[in-house]
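Student: Starting from the structure of chain A, add chain B where the hints point.
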Amino acid sequence: MNLIEPMTYDLPMDLSAERQVLGILIKHPSQIDRVVDRLRPAHFMDPAHRRIYEIILDIYHKQGRISYTQIYNRLHADSITDAPAELLIPLTESFVALSELEPSMDILLHKEGIRRIVQACDSVRALALDPKNEDLDAIQAKAQELIFAATQSIDAAGDDVKNLLEVLNKCYINLLRRREGDPEAYGLSVRFPSIDGMTTGFKKKDIIILAARPSMGKTALVLNMAANVAKRNIPVLFFSLEMDDEQIGDRIVLSELFTHKAGDQHIVTSHEYQGRLSDDQFMVTQKVFNELYPLPISIVDKRGMTVPEIRAKARKFKAENPDLGLIIIDYLQLIKPPDNASRSWTLIVGEMVRELRDLAGELDVPIILLSQLNRGVESRENKRPMMSDLRDSGNIEEFADVIMFLYRDDYYNPEKARAEGTEGMVEVIFAKQRKGSTGTVQLRFIKEYTRFIDEYTK
Amino acid sequence: MGDLDRTKLIFIDTCRNLVELGELSEAEYYEICDLLDRMEEMDNEQFQAELRRISKGLSDLIG
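Protein chains in written order, with numbering that gives the first Met the number 0: chain A, 0 to 457; chain B, 0 to 62.
There's no promise every hint is true.
Simulated pairs of lysine to any residue, SDA-like, Cα-Cα distance not exceeding 20 Å [unchecked claim]:
| no. | chain 1 | residue 1 | chain 2 | residue 2 |
| --- | --- | --- | --- | --- |
| 1 | A | K26 | B | L3 |
| 2 | A | K26 | B | R5 |
| 3 | A | K61 | B | D33 |
| 4 | A | K26 | B | E40 |
| 5 | A | K26 | B | E39 |
| 6 | A | K312 | A | P337 |
| 7 | A | K203 | A | F398 |
| 8 | A | K434 | A | Y171 |
Derived from the structure by calculation, the hints contain no laboratory data.
Chain A extracted, bound-state conformation (with noise of 0.2 Å):
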């Protein structure tokens, strides 16, 4: 087979059945409302019986008569034929018994989806083979953009009117699981529980933004989260902008480490582990990674990657793992902006933040987005974080499900917090939950093992 040269087919269509929908919806008007929101013109693969469609939409919309006279008339005014009775007589010739339009309408959808991967792997194969485009990693996220929207279902626009009596029932449902007390029927426990217990775990769909300054300790928490989520056999995707996987994995590791003691010591401490253990440590430690070793955790670390590049490796891991479970991005401000120098920073960010939360409803899982703040905390007395700290940075909040802030006051006054003990006391703001309550709960942040504990929850 000759790669270049452009490849002929047949595209598939079914004549037949597209004449026997139209044949129908003209002699029965009235069942244009179950066809509307399934079918569209371009199911019709003869563009006589395209045009004949928008036709009968285009009256349907204006509230006309549907009849062959004025589909007749319309035609003729088109001038796209000299002879509209000859395109129309087919149609009145079609068996138009109503039972005959689902079948028929199932038929269109068929040979329409199929016609769509068609189309898509050539304009694959058009991009793939363009000597203009270099970039493979550019050609690659394109080409995942093609397929997926080529292989999305474009006939579930019924789903989007749901009836009450339908919704209850979905609530009614949750509330019974959770009366007894099935875990599935909470959002997704990140095992912390003063933040479950605000949240009831994080809910599908949602896009969190956890934001903090520097060194407040943001991709430790969530290095935390994953790896507790990931305890329970749920996949984890990670994408670091920042770190590279190997810091990622000694993170984790160190986080795991703080748990092994002998007596009220550590075993390794952070500093040993950087250095050359002994072997009763380097057995702890290889224990450690034996119990990490399985954990569902993928880690896509690069630098610069854009929204669509991260879309596109989502959407390719949920394909292979349709359990996936939470999507952690560190962090925001290094995600690569579009080439749109013309816009504001504060629309470009707000449309990242909107285009990623479209992307945890459409892959159906929480997205954790971790998010820098600017140095106007500083210039405050109270350097706690506050909403308004967000809006430089792009209307983020808009967006957001859930807004975290994290603030240690040992950061700023370290003498003040030796003195009360509260070394390491982290304070987690709920500044927004669009479902849920606002306030702040504590962790402790063990700085040298990255590891946050619960220990004021009650």
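Tutor: Leaving out everything else, chain B in the frame of chain A:
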């Protein structure tokens, strides 16, 4: 049903040709279209009477 629709289409196509030939006015043509759309609501006599009112020549042609 299919036969009636086909007959209507052939008839309307003929009327359109008569308009092109100047034998039928545009207004008469659209009245005939409207009549055909309402055809199922009337009996044969009513239809003939309506058609005769719009165009006696055409009515005589169908006879």
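Student: With reference to the structure, classify each hint as holding or not holding.
Tutor: To see whether the hints hold, each was checked on the structure:
Only pairs whose Cα atoms come within 20 Å are accepted, and A/K26 paired with B/L3 is accepted, the gap being roughly 11 Å. Restraint check: the Cα-Cα separation between A/K26 and B/R5 comes to about 12 Å, which is no more than 20 Å; the hinted pair holds. The hinted pair formed by A/K61 and B/D33 meets the criterion: a straight-line CA distance of about 17 Å does not exceed 20 Å. The straight-line distance between the Cα atoms of A/K26 and B/E40 is roughly 15 Å, inside the 20 Å bound, and the hint therefore holds.
Among the hinted pairs, A/K26 with B/E39 is consistent with the structure: their alpha-carbon atoms are about 12 Å apart, no more than 20 Å. Among the hinted pairs, A/K312 with A/P337 is consistent with the structure: their alpha-carbon atoms are about 17 Å apart, no more than 20 Å. The suggested pairing of A/K203 with A/F398 holds, with an alpha-carbon distance near 15 Å, which does not exceed 20 Å. With a C-alpha separation of about 17 Å, the suggested pairing of A/K434 with A/Y171 holds against the 20 Å cut-off.
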